[in-house]
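Those protein sequences? They're chains P and V, same order as listed. Following our numbering, the numbering of the first sequence begins with 1 at its first residue and continues without gaps. Following our numbering, the numbering of the second sequence begins with 1 at its first residue and continues without gaps.
Bear in mind the hints are in silico, worked out from the structure with no lab data behind them. Quick caveat, the model's predicted, so the values are computed rather than measured. The reader is advised that the hints may include incorrect statements.
Simulated restraints, written as ranges between beta carbons of each label pair [claimed, not checked]:
| # | chain 1 | residue 1 | chain 2 | residue 2 | range |
| --- | --- | --- | --- | --- | --- |
| 1 | V | Thr434 | P | Arg235 | 43 to 53 Å |
| 2 | P | Arg183 | V | Asp597 | 22 to 32 Å |
| 3 | V | Asp191 | P | Ala187 | 55 to 65 Å |
| 4 | P | Arg213 | V | Asp597 | 47 to 57 Å |
| 5 | P | Ala600 | V | Arg503 | 38 to 48 Å |
Sample of chain V residues facing chain P (criterion: CB under 7 Å; computed from the structure) [to be verified]:
| # | residue |
| --- | --- |
| 6 | Asp312 |
| 7 | Val522 |
| 8 | Asp591 |
Far from chain P by the CB rule (all over 12 Å, computed), these chain V residues [as the list claims (entries may be wrong)]:
| # | residue |
| --- | --- |
| 9 | Lys117 |
| 10 | Arg213 |
| 11 | Arg304 |
All residues carry an ideal CB built from backbone N, CA and C; glycine is no exception.
Below are the chains, spelled out letter by letter.
There are 2 protein chains.
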Amino acid sequence: MTDLHHGPVRPTAAAKSALRPVALDHVTFEPDSLFAQWQHRNATRTLPHCVDQLEAAGALDNLRLITGEKSGEFRNMWFADSDLHKTLEAAAWHLAGHPDDAGAAAFLDSTAALLAKAQGEDGYLNSYYTVVEPGRRWQDLHRSHELYVAGHLFQAAVAAARAGVASELLAVARRFADLLVERFGAADGPDGLDGHPEVETALVELYRVTGHRPYLDLARRMIDLRGRGLLNDERFGPAYLQDHVPVREADEVAGHAVRQLYLLAGVVDVAVETHDDELLAAVRRLWDDAFGSKTYITGAHGSRHRDEAFGDPYELPADRAYAETCAAIASVQWNWRMLLATGEARYADELERALYNAVAGSTSLDGTRFFYSNPLHLRTGHDGSDEDAPSQRLPWYTCACCPPNLARLVASLHGYTTTTDHDGVQVHLYSAGTIRTEVDGTAVEITTRTDYPWHGRVELTVTASAPLTLSLRVPGWCTSARVSVDGTPVDAEPEDGYLRLRRDWSTGAIVALDLDMPVRVVRPHPRVDAVRGCVALTRGPLVYCVEQNDLPAGVVLEDVRIDPGSAAVTGVPGIPQALTVRGTVEPPATDELYTADAPATDSTPVTFAAIPYFLWGNRTPGPMRVWVPTTG
Amino acid sequence: MTDLHHGPVRPTAAAKSALRPVALDHVTFEPDSLFAQWQHRNATRTLPHCVDQLEAAGALDNLRLITGEKSGEFRNMWFADSDLHKTLEAAAWHLAGHPDDAGAAAFLDSTAALLAKAQGEDGYLNSYYTVVEPGRRWQDLHRSHELYVAGHLFQAAVAAARAGVASELLAVARRFADLLVERFGAADGPDGLDGHPEVETALVELYRVTGHRPYLDLARRMIDLRGRGLLNDERFGPAYLQDHVPVREADEVAGHAVRQLYLLAGVVDVAVETHDDELLAAVRRLWDDAFGSKTYITGAHGSRHRDEAFGDPYELPADRAYAETCAAIASVQWNWRMLLATGEARYADELERALYNAVAGSTSLDGTRFFYSNPLHLRTGHDGSDEDAPSQRLPWYTCACCPPNLARLVASLHGYTTTTDHDGVQVHLYSAGTIRTEVDGTAVEITTRTDYPWHGRVELTVTASAPLTLSLRVPGWCTSARVSVDGTPVDAEPEDGYLRLRRDWSTGAIVALDLDMPVRVVRPHPRVDAVRGCVALTRGPLVYCVEQNDLPAGVVLEDVRIDPGSAAVTGVPGIPQALTVRGTVEPPATDELYTADAPATDSTPVTFAAIPYFLWGNRTPGPMRVWVPTTG
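Here chain P stands alone, though its shape is the one from the complex (with noise of 0.2 Å):
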């Protein structure tokens, strides 16, 4: 078990991969940091929040119905395992760090005893599939999602076999996955792709815990099936499906977003593990197009509520954002393969982005309630009262991928700040606490005190037993960054996005590095006519949103205009870092929807609050936005 206390993505020795994660269990967060209250949070709030609506949805009876224990009908979604497996996987990742946990551990050790009982002879374990329509096992591959669940099967796996926990887990992913390899592995035999790709990504994780080649070049096929219409769904068409072009020709992403990230992240897999260049340029032709005119702000994807789909360039609408949370996560791990495979810093940017914005703000503050679509306007006269948009954050969807997906996420989030390679040690994601790892045998201990990322200031104090490089990432929102050794400036540029110290460590140096992080007035790109004439308020890896409960009594949301260059950090009572912002208020002079007469305005001064979009719909729920028209 060489993977034995790695989080998620582990590349073997073998793979073509510029960095390495750190072990799990080299990173700690202070308890006080933002990433350890979301993992306290989620340990104790949404985890077993998780598990309780598992249970209440029937997720867990419909295995039973399989072993005996329960009598009655299936119920959920067709695919509703998989939420569990998430859950799975999440409780593997906390009881790493937290082996004490009794609660989670029992959950994982009684569920992981159900999934071997529920298990077919032959390996087979799919509850929808085993108790309401054996016949069509593997006959509706474009929408069963039968590969699907069992690649979310395979990352619980492989998360209790790092995590050394529930091994029973692994054991079960193996007999599961021999049978994908036997129906679906022979070039000459039946061709296997899911509808929904996930289990890419899985099959090669559980190569890398295993060593099992097969696993491996079952999931390179499967990539390199795709693309030639062997899916077929009428309603939803070949892109839905991610079948509508080979992923060496693909130069867009395309189709229902979340599918089309997982696959991704496993397209880098499978590249850096069989060296396959041409799939790596695949991907990041993909990247380009993807962070280059089909991204929010917030590093949500997905512009269309219909097929939960990417849009066209620029078609970025800020009220009818769907930006899937599935999605946002799936770009945190897609962004962190391709800054593991590539070493390059725009990949870290991405990942900040998306994790401090679309998905934190996802989760209420109290851990169990949660946006699936997460717009980045809702607008006064919303009807929410419905699940596919609703106004507030609510405690469980018919369809439940997204609140187990946020779990498993949080629960390894220590596994996405650091890496090393040869030369040392790249710090990606600042938060106060302590790293312990080390590179090719030598030693090196970092203990970080900031509070990024309410401000700049990051202290390093860092020791080595023998000279290494610590590269610290200055983000890509920094235009300006200074660092010290021990006091004394250090004449460093940023090469490539990265601050490179080489030096002896072994008697120990503080490192202080400054991240300007003023208030910057984002625009967008001329041609995202979505929000023209409007400006985000942005500050160090935080989009700020305006809210209702911050505007005058009696203001329509849409009728304030913003001063750009009023924003000032001061502080709204129990949120921290709230910008303070002046502006008018214009309400329209004529109730008439398009007029020729030059609008008369009647304009009135209003000063207001924007806090972090994180933190949104904690209070009173009303409108809210982040792309706001400016003055004049």
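For chain P, the structure is supplied; the task is to place chain V on it using the hints.
Same frame as chain P, but now just chain V:
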């Protein structure tokens, strides 16, 4: 058969209706007029095309499965009978004025015979629920469309009856309608209302033709049953089914746009026939909501592809406008009913807006290709392969509701132009042609010369056997209108949107109406974020657009800025009244999607054409936009 020779919507003598439409054969369009050209194209191209496509899609064969003339499987949508019924209706309206069209007559007669043969003993007539799911009859009214399909049958029968053709059809319709009354008409009997409203207006029209009161009562009952939670569909929710709120209490248009608008047409019909002022007040409220914040400048409705729905107030994206053709047709139908009920010009204004833009734009120049969704912006880089949002008009659709709906509207278009009241004649839509009608026994003849909508000059030669008032609509877009009689200027101001000329016409008079028709630069309400900073060019009732075809090679449409004051009529070969516009091309200064840097824009002057929106997409397929950002 008192209704003979009348067109769609004929309030009974007892109805509380401000205006009455003149008989269908009282209006004739001059062959060179735009309306006549549309009707000619409709009769010679669209109608035969629909017949061919219906045959190819199986809509006729589905009925032949019942009669035994064919064997095989049911094909197409479960509500495909309705496409056939709409085509029958179109054929009937056409035959009213062209009884010598043997092809149309043969189609109508043979299909009426087929329907009669396929009809059940009890009067039931629905191919899907007869052939495929006989056990589910009346069981799934939230989705079955059984009453919707019945409604279109009734409307076809009404048209046939008024046209004096295929009398068998009315008998078929009545048998089915009697079954509906028997099953759903009793106050203490089962509740019958369809998830897709349409049968309400059809039942009222059938009542108008037959005088059989139970049809009207049933329509009223169906309207009063809405909003009581009788329909349920987990996927779509109650607003989609128009069952979210009682009609009398509603104050917002919501849910599926076509369903909402069809319902409201039926509500007006019931309100005027039953003198129900409360119902009419509800419809007025909903009209104010729809046209105050949820209507495109083209007159289209439906901001969301998902669920084909209305959106929030002011949510009117140009690129993702769903703007279904059927919704625009429904808007014409609804506004016509509102106009008849109230006599208020604003309803005629909105009818005209929808007709000349959203409706007219959905059909290709050759009459055999159609848009289902009518966007106001087709983006550069749009993936137009999807039926849901194609880059060009398609010959037919999986759900083919729109093409035959167009056919029935255009075939009866002369029925939407002219009304009478006790005092005189009202001309609402201008076209070269002749009106020969009577007002309380007074014969009136009006011969019109105009090339409206291309120019605003309308000359009417009027004779009448007794004094009466000629009311000429001054459209809402017209800020300056002049009128003369026999060359002498008349000092009259429009009253509520109409210039009213009361005089003795017995010796004939020439009325010359001049509607100033300059280019109007229209701006959106400031809460319409999607097109902030943009203008639309309009002239008369026509909205204009810019197509890639009219830009210099290499210019990206989204980089074009318009000088609002520069537009002037000059012309493009083959396109009447095209505008020439000056502006700039401003390619983005950076590829960055979001930036805090001030955009340094390289601006190049450019001159290009804008063409009437309804003519777009008839040259090389490519990007198009109605709303264009302005220079400076």
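Hints, verified against the model:
1. Between Thr434(V) and Arg235(P) the Cβ separation comes to about 50 Å, which falls inside the hinted range of 43 to 53 Å.
2. The hint said 22 to 32 Å for the Cβ distance between Arg183(P) and Asp597(V), and at roughly 54 Å that hint is violated.
3. The hint said 55 to 65 Å for the Cβ distance between Asp191(V) and Ala187(P), and at roughly 60 Å that hint holds.
4. Distance hint for Arg213(P) and Asp597(V): a CB-CB separation of about 49 Å, consistent with the stated range 47 to 57 Å.
5. Range check, Ala600(P) to Arg503(V): about 40 Å between beta-carbon atoms, so the 38 to 48 Å window is met.
6. Interface hint status for Asp312(V): upheld, as the beta-carbon distance to the closest one in chain P is roughly 4 Å, under 7 Å.
7. Residue-level restraint check for Val522(V) holds (minimum Cβ-Cβ distance to chain P is 5 Å; threshold 7 Å).
8. Proximity of Asp591(V) to chain P holds as hinted, the smallest CB-CB distance being about 6 Å (cut-off 7 Å).
9. No beta-carbon of chain P is positioned within 12 Å of the beta-carbon of Lys117(V); the least distance is around 32 Å.
10. Interface exclusion of Arg213(V) from chain P stands, the closest Cβ pair being 38 Å apart, more than 12 Å.
11. For Arg304(V), the shortest C-beta to C-beta distance to chain P comes to about 7 Å, within the 12 Å cut-off, and the non-interface label is violated.
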